[in-house]
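Q: Numbering-wise (our numbering), the sequence shown opens with residue 2 and increments by one.
Derived from the structure by calculation, the hints contain no laboratory data.
Fair warning: there could be bad hints in the mix.
To be verified - With a cut-off of at most 20 Å between alpha-carbon atoms, the simulated EDC-like pairs for lysine to aspartate or glutamate come out as follows:
#1 118 with 144
#2 84 with 144
#3 118 with 148
#4 84 with 34
Stated by the list, open to error - Each pair of labels, with its calculated beta carbon distance range:
#5 142 with 64: 29 to 37 Å
#6 34 with 120: 17 to 25 Å
#7 63 with 138: 34 to 42 Å
C-beta atoms are modelled at their ideal positions from N, C-alpha and C, and glycine is treated no differently.
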Amino acid sequence: MSTMKTLATVLTCTFLLGAFATVAAADPGRGADIQCYVWANNATSTLNAPYSPSSPYSFNTVGRSAANFVTRTATGSYSVTCKGVGGGSLFTGSGTWGAGGHVQVTAYGSEDADYCKVSSWTTGGADFTAFVRCYNSAGALSDSRFDLLFVW
C-alpha cells in the first residue's frame with residue numbers, strides 16, 4: 002500500500018508543478034527586412050570616385066534616388082554605401098537598432114572575377130557601408146561586377 006501512496010504523492014506533485022508553471026516568453030525578434038540591394042555594374046569605375054549603380058537594379062528602403070553608391074578603391078576592392086539604412090540615431094525609419102545585419106555578395110557575370118566576398122561592414126550610424134573584395138581563379142584581386150544584399 003505504501004507504493005500506491007508514494008505513486009499518488011508523486012503524481013499529485015507533478016500535476017501541481019505543471020499547473021503552476023508558466024511558459025517562458027521568448028523575444029520574437031524582428032523579421033528580416035531588405036534594407037538595400039545593389040548591382041555594382043561598373044567593375045572598372047574611376048578609382049575613389051563613387052558612382053550610383055544601375056537604378057533598376059538598386060534598392061534602398063529610404064528611396065532609390067541617389068541613395069546607394071559604389072566606390073572602387075583599388076583593383077578588386079570596393080566600398081558600397083547605402084544612405085540612411087545604418088540603423089543608428091539618424092536612421093530615417095522608425096526607431097533605431099544599432100550595429101548588425103546580414104550581408105551577402107556574389108560575383109556577377111562569367112567574364113568577371115570568379116568570386117567576391119564581404120571583408121567587413123559597418124552599421125549603427127546613419128549609413129550602411131560594406132567593403133567588398135573580388136578575386137580571380139588564381140586568388141589575385143580582380144575587378145568584377147557584383148550583386149550585394151543587406152538585410153536586417
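Q: Could you run down the list of hints and mark each one as holding or not?
A: Status of the hints after comparison with the structure:
| no. | hint | result |
| --- | --- | --- |
| 1 | 118 with 144 | holds (13 Å) |
| 2 | 84 with 144 | violated (24 Å) |
| 3 | 118 with 148 | holds (10 Å) |
| 4 | 84 with 34 | holds (16 Å) |
| 5 | 142 with 64: 29 to 37 Å | holds (32 Å) |
| 6 | 34 with 120: 17 to 25 Å | holds (24 Å) |
| 7 | 63 with 138: 34 to 42 Å | holds (38 Å) |
Of the numbered hints listed earlier, the single one contradicted by the structure is hint 2.
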